[in-house]
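**Student:** Next come the chains, spelled out residue by residue.
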Amino acid sequence: MSLLSVTNVTRRYRRTQPPAVDGVTLSVSRGEILALLGPSGSGKTTLLRLITGFEAPDAGTVVIDGRLVAGQGVTVSPEARGVGIVFQDGALFPHLTVDGNVAFGLHALGAAERRARVRELLALVGLPIFAYRYPHELSGGQQQLVALARALAPAPAVLLLDEPFSNLDADLRGQMREQVQRILKATGTTAIFVTHGQDEAFAIADRVGVLNRGRLEQLDTPETIYHRPATPFVASFVGDATFIPGIVDGTGIVTDVGTFPADGVGPPGTGVEVMIRPDDVSFVPSADGDALIVQRDFRGTETLFCLELPGGRRLSSSQPSWATEGVGDRVRVAVHLEHVVTFPRRVAGPEMAPRVAPGA
Amino acid sequence: MALPVLVVLGSWHEPAADVWRHLWQTQLGELLANTLLLAAGVGAGTLLVGAALAWLVVAYDFPGRRVFEWALVLPLAMPAYVIGFAFLAMFDFAGPVQTALRALLGPGVRLPDLRAGWGVVLMMTLVFYPYVYLLARVAFREHGRTALEVARSLGHSPQRAFVTVILPLARPALVAGVALAMMEALADFGTVSTFGYRTLTEAVYRVWTGMFDRTAATQVASLLLLLVLALLAIERALRGRRRFTRAPRAAELPRRTLAGWRAAAAVAACGAVLALAFVLPVAELIAWALALPAEQRARRGFAGLVGSTFVLAAASAVLVGALALVLAYARRLRPSRVATAAAQFASMGYALPGAVIAVGVLAPLAWVDRALAAAAEALVGHRPGLVLTGSAVAVLFAYAVRFLAVGYQTTESALGRIPPTLDEAARSLGVTMRGALRRVHLPLMRGGILSALTLIWVETIKELPATLLLRPFGLKTLAIEVWERTSESLWAEAALPALAIVGVGLVPLLLGSRLDAGRR
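These protein sequence lines map, in sequence, to chains A and B. Reminder that position 170 of the first sequence reads as 242 in our numbering, one-by-one numbering, no gaps. Reminder that position 401 of the second sequence reads as 385 in our numbering, one-by-one numbering, no gaps.
Some hints could be false.
[What the hints assert, rightly or not] Among chain A residues calculated to face chain B with C-beta under 7 Å, some are:
#1 T147
#2 V148
#3 E151
#4 F159
#5 A163
#6 F415
[To be verified] Okay, the calculated bits of chain B under chain A, using three or more residues with CB under 8 Å as the criterion:
#7 398 to 410
#8 422 to 436
Everything labelled a hint here was simulated from the structure, so no lab data went into it. None of these values were measured; they are calculated from a predicted model. Ideal Cβ placement from N, Cα and C applies to all residues, glycine included.
Based on the sequences and whatever the hints tell you, model everything.
**Tutor:** Structure representation (C-alpha cells):
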C-alpha cells in the first residue's frame, strides 16, 4: 500500500517559462527509500517542496498516509503534514544545543518523554555524547546526523532528504550513505532522497526516479534504470552512453560495430539507435584493425579509451587501469551487449548528446 | 510612512501667495544659494578630509596609526550643533582663543567671525567627514590589494595606480559617503540657526513659528525635499551600475611604513583633525560644565531633563524597532512586491530632513484630530481639545518616519543572516510561523535587535528640528536645551546637556568597534 502518492502534480513559477514540475505522478510504499535523480534545474527540489507544503501545486494532488494534503482546493500547512526534512546545509538551529535541536519538534510531549526520545535518537545516530554541544562544534557529517535525528524525532510519516551529503567530503560521503541507509531501514522510515549523483541514488535507494525538465522520465529499480533506461536522457544521465545507428534486417540490428539481437524492436527496415556503454566495448591491438585510439584517460580504477571508427564515429571503452595501449594505436573493436537497448532514430538534442560526440 | 512626503509635495494646492511673494522678493534667492553652497561645501570638504584620512590609515603605517584609525570615527558622536556652539564659545570675543591672542599680540587683534558660510561648512565638515572616511576605508581595504598589484604589474607607479584604479573602484563608496554627509548638511537645523546662516531648513522653522503660516512652511519644506530627492537621484546616477561587492577575503593592502618628516606629517594631519573635531570641543564642554556652579546646575533640573529625554528616546526605539521587525518579518514571509516597495520607501525616510517630516506629519494628524473632535462633539456634545497634535504621538510619528530606515536596515540584515532553511526546518517539525519567530528568529536576532534599538535611541536623542517643531507643550529634551541655551549664548549652561548627548552618541561607536574587533 502506498504511503505517499503524488498524482499529476504540476507547478509553474512563471507563466512564460515551462513548468518546474510537469505532471509528475509517483507513489512510495511504506518503508521504501526512493531516490529522485536529475540534473540541477530538473525539478527535484520543487517536487520535494510540493510534498512538504512550502509550495502549492497548480494542478494535481498530494496524498500522505491516506490524507489529501494538497490539491482539489485543499492546502495543509507544512507544520501539519508530518513530513520531516533534512536539508543540504543541515539547517540546525545555531542557538540550540544538539539536545535542543533534536527536541525542537517534540513540543507535544512531556519533559520526561521528550528527554527519553532525544536520548533514543542520539543513540540511534551514534552521537549520544554530543548532546550538549552546539552545532558549530560538530563536524559536517555529525551535523547531518543530528539533522537526521531531529527530523526523525517526531516520527514523521515521510522523511525527505534534500541532497544531504553534497556538502561533505567525498570519502565521508560514502560512509554517511551507509550509515543513513542503515538508520532509515532500522526505523522503517519511508524516505525520499534527492540527489544529482547516480552513485548515491543507486547505493541508498530501493527505487530511483529520474527527472528531466520537470518530467519524471523513469521510476524503477537501480538495475533497471541502468540496464534498461526508458529514454535516451536516462541512458546518458545514468552512466556514459554512446548511441550507434542501426537498421533491423533478417539477422538482427546491423550496426558499424556488429549485429545485435532485434527482439521485438520492429519490422525489417526499422532505423534505430543502439545504446552502448563503455563497459560493453572491448578491443585488441591489431596492426590492420580499423579503429584508432584517439584519446586515453587514466582514471585510477579504470582507463577510458576513446576509439574512432572508420566513418569517424567515436566510441568509449572502459579498460582495466593497467591497459597499456596508447593514443595512435590501431585496434580491432568488439562490442558485447548483455541487454540490447534501442531507441527510435532521432536528431540528437544537446541534453541527449552522448559524452563522446559522434564523428567530430 | 509615505504620508508626510505626499503632504509636503501636495502642499501646492493652496498657495499661500502673500507669504510666498514676501519670501520670494526678500530671501528665497539667498536661501537657495546658501543651501546649495552649504551642501556643496560640505560635500567637497568631507570628500577631501574623509578620503585622504582613509587612504592614510589604510595604505601607510605611522606612529599611533592604530589609535587614529579608530579614533577618527569619534566626531560622528558629535551633533553639528554641539561642535558649532563649542567653536563659537571658544572663538567668541570673550572666549579663550581671542583672549589669549589679545594677551599675546595686543588688544587690536581680531579673528574673522565664524558666523558665516565658511564657518558652518567647516563645522559640518569636521563632524560629517567620518561618513566618507568609514565607507572609503572599507572600499580601499577590500579592493585595494589585488587591484593595486595588477595595476603595478601592468607598469603603473603606485601614485598613478591610486588615481587610475583605487579611486575609481572606491567611487561608489565615496559617492555614498559624500551623499550621506550632504543629506545631513541639508537636514541640519541647529548649527545654521546658531550661526545665523539662513538656509531652507532654518526657513521652514522661521516661517512656521515666526509667521505661523503652516502652508508656506510646508511649501518651503517641499523645496528642500526636492533638493534632497535630486541629491538622491544624483547619488544613484554617480554610483553607476556598480555595487559594493565584497571581494572574498581580499588580502589587505601592504602598508608602507612612513618615517621621518613624512610620519610626523601623517600624525599631524590625523591629530589636527581629531583635535579640532573632537578633543578640543569636548575639552571645552567639560571646562564649561565644571565652571557652572553646582546650584545652578541643580536649578536647571538636569536630571529631569535626562530622564525625559531618555524615556522619549526609549519609546521611540521600542516603537520604531517593533515597526522595523514587523516590516522585515513580513517581507521574509511573503517577499511580495508591495512589501519590498514599502521597505524601500521606508528606508528613504533617513534622507528626509527632520523639518520636512515635521511639517508633513502635522497636517494629517491635525486632520485626524479635527475629525476626532467633531466625532466626539457629535457623540457626547462636548468638544475635547486636540488629542494628537501637540502630543507625544506627533513626535513619535515623526521619529518613526525618520528612523525606520535605521531600524529596518539593522533588523533586516540580522534576519537576512538566518538561512531560510531554518524557517522550513522549524515548520517541518510542526512549528507555526509565529512559533518560528519566537523560537528561532528572535533568539538568533537578539544582537541585531539590540543594536537597532540602541541606534534608534541614540538618533532620537540627537534629533533636533522635528522635536522642536512637534513637541508637546513643556516637553524638553537635551537637544532642545542645548539649542535654547546656545541661542541665548549661555554657553556654560548648554555644556552639560551637550556633553550628555556626545556621551550617548559614543555608545554605538564603542559598540560598533567592539563588534568590529570581534569579527576579525
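**Student:** For each hint, tell me whether it holds in the structure or not.
**Tutor:** Verification of the hints:
no. : hint       : result
1   : T147       : violated (14 Å)
2   : V148       : violated (12 Å)
3   : E151       : holds (5 Å)
4   : F159       : holds (5 Å)
5   : A163       : holds (4 Å)
6   : F415       : violated (39 Å)
7   : 398 to 410 : holds (count 6)
8   : 422 to 436 : holds (count 4)
The structure fails to meet hints 1, 2 and 6 from the earlier list, while all remaining hints are met.
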